[in-house]
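> Sequence:
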Amino acid sequence: MSGKGGDMLRAARKAAGMSQTQVYLATRISESNLQRWEIEDSKPNMEDLYKLELLYHAPGLWEEFLRATSPAYAAHHPVAAVDRSLLAQVVSVGHEA
Numbered sequence: 001m002s003g004k005g006g007d008m009l010r011a012a013r014k015a016a017g018m019s020q021t022q023v024y025l026a027t028r029i030s031e032s033n034l035q036r037w038e039i040e041d042s043k044p045n046m047e048d049l050y051k052l053e054l055l056y057h058a059p060g061l062w063e064e065f066l067r068a069t070s071p072a073y074a075a076h077h078p079v080a081a082v083d084r085s086l087l088a089q090v091v092s093v094g095h096e097a
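What the sequence shown shows, in our numbering, is residues 1 to 97, in sequence order.
No lab work stands behind these hints, which were simulated from the structure alone.
Treat the hints with care, as some may be off.
Claimed, not checked - Listed next, with one range per pair, are the computed distances between beta-carbon atoms:
id	residue 1	residue 2	range
1	K4	Y24	32 to 40 Å
2	A75	Y24	28 to 36 Å
3	T21	H77	30 to 38 Å
4	A75	T27	12 to 20 Å
5	A75	S32	28 to 36 Å
This one's a predicted model, so the numbers in the text were calculated from it and none came from an experiment.
All C-beta atoms, glycine included, are put in the ideal place defined by N, C-alpha and C.
Build the full structure now, drawing on both the sequences and the hints.
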């Protein structure tokens, strides 16, 4: 049974008008991973979560997902200010390595 985080990811994908196959083709994130994330059988890593945010054109998706699924994050970042340019640099450096 999916919870708030999984529902959030599924809703964002559907709002973007994308199937799991289309997400795979655009990101190479496997459909099985997407399925597990959407039913909250597992959680995406930050890089994949950020890829989905960009692909779905859903600013703040990664942060809202963390607030919904991580009590520790929510407790320490009730209204987190996000520097997306820094996160984008971290993700791009990870691809170069």
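> Does each hint fit the structure? Answer for all of them.
Verification of the hints:
1. K4 x Y24: 32 to 40 Å: violated (24 Å)
2. A75 x Y24: 28 to 36 Å: Check passed, 34 Å falls within 28 to 36 Å.
3. T21 x H77: 30 to 38 Å: At roughly 34 Å between Cβ atoms, H77 and T21 fall inside 30 to 38 Å, so the hint holds.
4. A75 x T27: 12 to 20 Å: violated (30 Å)
5. A75 x S32: 28 to 36 Å: holds (32 Å)
In terms of the numbered hints stated before, the structure departs from hints 1 and 4, listed from lowest to highest.
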